[in-house]
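**Student:** Build out the structure end to end from the sequences listed, making use of the hints.
Note that the protein sequences, when read in sequence, are chains A, B, C and D.
Sequential numbering of the first sequence, starting at 1, is according to my numbering.
Sequential numbering of the second sequence, starting at 94, is according to my numbering.
Sequential numbering of the third sequence, starting at 289, is according to my numbering.
Sequential numbering of the fourth sequence, starting at 748, is according to my numbering.
I should point out that these hints are in silico values taken from the structure, not numbers from a laboratory.
Possibly wrong hints are sitting among the right ones.
Claimed, not checked - Simulated pairs of lysine-lysine, BS3-like, Cα-Cα distance not exceeding 25 Å:
1. Lys754(D) / Lys249(B)
2. Lys872(D) / Lys830(D)
3. Lys448(C) / Lys509(C)
4. Lys448(C) / Lys830(D)
5. Lys445(C) / Lys298(C)
6. Lys448(C) / Lys373(C)
7. Lys209(B) / Lys785(D)
8. Lys509(C) / Lys754(D)
9. Lys838(D) / Lys445(C)
10. Lys298(C) / Lys509(C)
11. Lys403(C) / Lys292(C)
12. Lys838(D) / Lys403(C)
13. Lys298(C) / Lys448(C)
14. Lys373(C) / Lys298(C)
15. Lys739(C) / Lys586(C)
One letter stands for each residue in the lines below.
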Amino acid sequence: MDTPHKPHFIRPCTFIWLALMLLTGSTYAIGEAGLGGLAIMLIVLGTAALKVQMVANYFMGLRRTRWLWRGIVLGWLLLVTGLITIAYLTTVK
Amino acid sequence: MINNTSTSHEIHATPPGDLAIWFFIFAELLAFGVFFVAYAFARAHNVALFDESQQHLNRTSGAINTLVLITSSYFMVRAVAAIKQGLSRECARWIAAAIGMGGVFLVIKLFEFHAKFSAGISLSTNTFYMFYLSLTIFHFMHVILGMVILAAVMLKARGGGYSAENHTGVETGASYWHMVDLLWIILFPLVYVIH
Amino acid sequence: MQYKSQAVAKPYFIAAIGLFVGQILFGLIMGYQYVVGDFLFPAIPFNVARMVHTNLLIVWILFGFMGAAYYLIPEEAETELFSPKLAWIMFWIFLVAGALTIVGYLAVPYATLAKMTGNDILATMGREFLEQPLPTKVGIVIVALAFLFNISMTVLKGRKTSISLVLLLGLWGLAIFFLFSFYNPSNLVMDKYFWWWTVHLWVEGVWELILGAMLAFVLIKITGVDREVIEKWLYIIIAMTLITGIIGTGHHYFWIGTPEYWQWFGSVFSALEPIPFFMMTVFAFNMVNRRRREHPNKAATLWALGTSVMAFLGAGVWGFLHTLSPVNFYTHGTQITAAHGHLSFYGAYAMVNLTMISYAMPMLRGRSANSGSAQIMEMWSFWLMTVSMVFITLFLTAAGILQIWLQRMGTTPLGFMAAQDQVMLFYWLREITGFVFLIGLVLYIWSFFCKKGTAQAAA
Amino acid sequence: MSETFTKSMARNIFYGGAVFFFLLFLALTFDTVQSVPKRSHSEGVTDSVIRGKHIWETRDCIGCHTLLGEGAYFAPELGNVYKRRGGEFIKAWIRAQPTGAPGRRQMPQFNLTDQQLDDLVNFLKWTSEINTTRNWPPNIEG
Chain A
1 MDTPHKPHFI RPCTFIWLAL MLLTGSTYAI GEAGLGGLAI MLIVLGTAAL
51 KVQMVANYFM GLRRTRWLWR GIVLGWLLLV TGLITIAYLT TVK
Chain B
94 MINNTSTSHE IHATPPGDLA IWFFIFAELL AFGVFFVAYA FARAHNVALF
144 DESQQHLNRT SGAINTLVLI TSSYFMVRAV AAIKQGLSRE CARWIAAAIG
194 MGGVFLVIKL FEFHAKFSAG ISLSTNTFYM FYLSLTIFHF MHVILGMVIL
244 AAVMLKARGG GYSAENHTGV ETGASYWHMV DLLWIILFPL VYVIH
Chain C
289 MQYKSQAVAK PYFIAAIGLF VGQILFGLIM GYQYVVGDFL FPAIPFNVAR
339 MVHTNLLIVW ILFGFMGAAY YLIPEEAETE LFSPKLAWIM FWIFLVAGAL
389 TIVGYLAVPY ATLAKMTGND ILATMGREFL EQPLPTKVGI VIVALAFLFN
439 ISMTVLKGRK TSISLVLLLG LWGLAIFFLF SFYNPSNLVM DKYFWWWTVH
489 LWVEGVWELI LGAMLAFVLI KITGVDREVI EKWLYIIIAM TLITGIIGTG
539 HHYFWIGTPE YWQWFGSVFS ALEPIPFFMM TVFAFNMVNR RRREHPNKAA
589 TLWALGTSVM AFLGAGVWGF LHTLSPVNFY THGTQITAAH GHLSFYGAYA
639 MVNLTMISYA MPMLRGRSAN SGSAQIMEMW SFWLMTVSMV FITLFLTAAG
689 ILQIWLQRMG TTPLGFMAAQ DQVMLFYWLR EITGFVFLIG LVLYIWSFFC
739 KKGTAQAAA
Chain D
748 MSETFTKSMA RNIFYGGAVF FFLLFLALTF DTVQSVPKRS HSEGVTDSVI
798 RGKHIWETRD CIGCHTLLGE GAYFAPELGN VYKRRGGEFI KAWIRAQPTG
848 APGRRQMPQF NLTDQQLDDL VNFLKWTSEI NTTRNWPPNI EG
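**Tutor:** See the structure below:
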């Protein structure tokens, strides 16, 4: 069942890892800068959502499964981040 | 899609690993998800308290821990890739590295907890700390559980218990470990950064 | 019936049904006292009737569990019971102890009973559901240990299937968590905290393992579906049960003086408690749809499916209704709790025992299924009891909502008794429905004596 | 790769999950046990309160009443009865039972001594002072 496997200088999962590290850095920088407010909150939460999708699809390997499984994780993510956003919006006048 | 962590491009009917672990993963996602949302709404009721208390968290250690867990997760991806090529020893080494990073996470977290507890902070201090401690201790226990699972997988891999054809166990452990990482990826910005 | 020693299950089942009848009769007395307050006073005050009602429930369900274990374990382990004689001795001890306890409740004032039975040495009495005198509590422990010894030895010498392991685990848990009934701290908050370790960790913890194992056993027998499939789903379902149910204990720690974080832990985890019940429903219907044989015992199939649905409704849906702490703030300690209690106990534990009895009793009487007419009668009793219990629940829910509205909401709340007077109509309806339930139960018992006629030959 | 869903993995998740969540429960219990004395003013649990609790138990009061919402739902909540009625009323009420009003719910006569009545009232007084979340019950009627 092994297909011949082409050597690459850097594996795709390594790119994902680097991206995740950088995105974490950006979130940290925002935190250190003490930034707040709706726009910042959406950026930070969006970054987290993007990272979750990267982990789910590339690390967990859901991108090679039926949509059902990706859908469950994506649905969960949208629901949770959506409700968090709604909760945040109720505090912004 | 260039893909060298797997041996094929086919679409699988079920996610990697034993389907049973996925029931567990989904249950955990649900429990944490509800807790995250509860945090957000509790915060909405008491923004000032949450924003003030959040200032006292150690954001740097939280961020470092995020990097640690992501890296640990990455090592597990490499472990799965290794066993798919039948490299048991290499697989076991990657898992050991992943467990090691889990250990680093625990140590950093313990320093953080120690600082909070010695400042007299407990679950009953206020609503923010109730959530902060509940969520992070709950997650902390998941890291320990994940490390136990990975240790079992590592021992079996070292003993040559997995092969290129039969490596469901490695994928099962990896899936659980990725979930632990995934939860922290939301937890960190939610509790430490967003205000 | 494949093993001779399985026959000891029969007296346990008969005793269970007998005590069930007693439970219902006392339930009707209490229901009537709800509408005509001084009925049978002072001969049987309400608290005595309630004690008898709830204790009989516990005892008959324990009889049912033990009977189920004595029937199921030899067949699963593929060996005769370790000691049928011990099982018989324990049967009589448990029955006599149970009967004496009930007589004690009815014959002497509770305070006198407490004095007579050494409650001053170790005070354990007078707490809800754990009202039994000290000797009875000790007796329960002894019977439980002898019983566990008996079935554990049977499993050890025979085949170890997942079903029997899960059943054993549930029964051992039952015995272990009962030990908390001996712990009665003088601080009421601590008392209540650990009281739930018996009560909650029984009904929303280890009992569900027993329930799952019994249901899985019957499903294997009547559907012929591969054991591997049924057993792995059993594990997943009970895993979900404990994952949600253990921390779910927190929904009892909202208002009894325990720290506030239980509001969150209790709400979050107990909100997930319906999931395993839902999975159980899906699982039961799935297995029956995928059946590989047509078992002649249609009534047992109906009971098995009914259990999965009613457990979901009673424990899952009615539990969820009032488990979130902002809701529970208003519903705690009202008729809503009573409504949930009735449907969940009937739907989960009464029905799973009746399922087991429905499947095993014909076997114990030497046939694989009862005659068609007996089965039809049994199915009538199923519908009568189940539908009337649903209505009892609905009436109590209505009473509870009205009670909350009058007594706990608004600026001029009514006092407790004034509010009770306002919901009297629903108590009447509940009592009438209770009689329908009794008719169903009589019909159920009658079905055992229905002429054998065309009974199916033994398998 | 064919579908993998094994019984042994399901079993592991059952055992692992059960142990994991029980440990979490123990951790929370530990914290609760630490904080109950303060929330319940346990220094107020005098000998009299302990005797009162014993009276409460041996008369099976829980068979009709609720106490902090737990018990039977046939008679009023007593967790806050001290605040609702006061000690003297409670004693007079218990002495006056049963009312004998036809068709009404009846409470038995327990023939308690003055000392026992005082103990019971002290128990109910201490209970009414337990720091319950959001000061449950919702109002004085219980």
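**Student:** Evaluate each hint against the coordinates.
**Tutor:** Going down the list of hints, with the structure as the test:
Pair hint Lys754(D) plus Lys249(B) holds up; C-alpha atoms about 18 Å apart against a cutoff of 25 Å. Among the hinted pairs, Lys872(D) with Lys830(D) is consistent with the structure: their alpha-carbon atoms are about 8 Å apart, no more than 25 Å. The straight-line distance between the Cα atoms of Lys448(C) and Lys509(C) is roughly 17 Å, inside the 25 Å bound, and the hint therefore holds. At roughly 58 Å between alpha-carbon atoms, Lys448(C) and Lys830(D) are farther apart than 25 Å, so this suggested pair is violated.
With a C-alpha separation of about 23 Å, the suggested pairing of Lys445(C) with Lys298(C) holds against the 25 Å cut-off. Proposed proximity of Lys448(C) and Lys373(C) is supported: the alpha carbons are some 23 Å apart, at most 25 Å. A C-alpha spacing of about 21 Å is found between Lys209(B) and Lys785(D), which places the hinted pair at or below 25 Å, so the restraint holds. For the proposed pair Lys509(C) and Lys754(D), the alpha carbon gap of about 19 Å is at most 25 Å, so the pair holds.
The suggested pairing of Lys838(D) with Lys445(C) is violated, with an alpha-carbon distance near 62 Å, which exceeds 25 Å. Between Lys298(C) and Lys509(C), the direct Cα distance comes to roughly 18 Å. Compliance with the 25 Å bound is thereby established for this hinted pair. Between Lys403(C) and Lys292(C), the direct Cα distance comes to roughly 45 Å. Violation of the 25 Å bound is thereby established for this hinted pair. Note on Lys838(D) and Lys403(C): the hinted pairing holds, with a Cα-Cα distance of about 23 Å set against a maximum of 25 Å.
Restraint check for Lys298(C) and Lys448(C): the C-alpha separation of about 24 Å stays at or below 25 Å, so the hint holds. Proximity of Lys373(C) to Lys298(C) is assessed by CA-CA distance (about 14 Å); at most 25 Å being required, the pair is judged to hold. A distance of roughly 17 Å separates the Cα atoms of Lys739(C) and Lys586(C); the hinted pair therefore holds under the 25 Å criterion.
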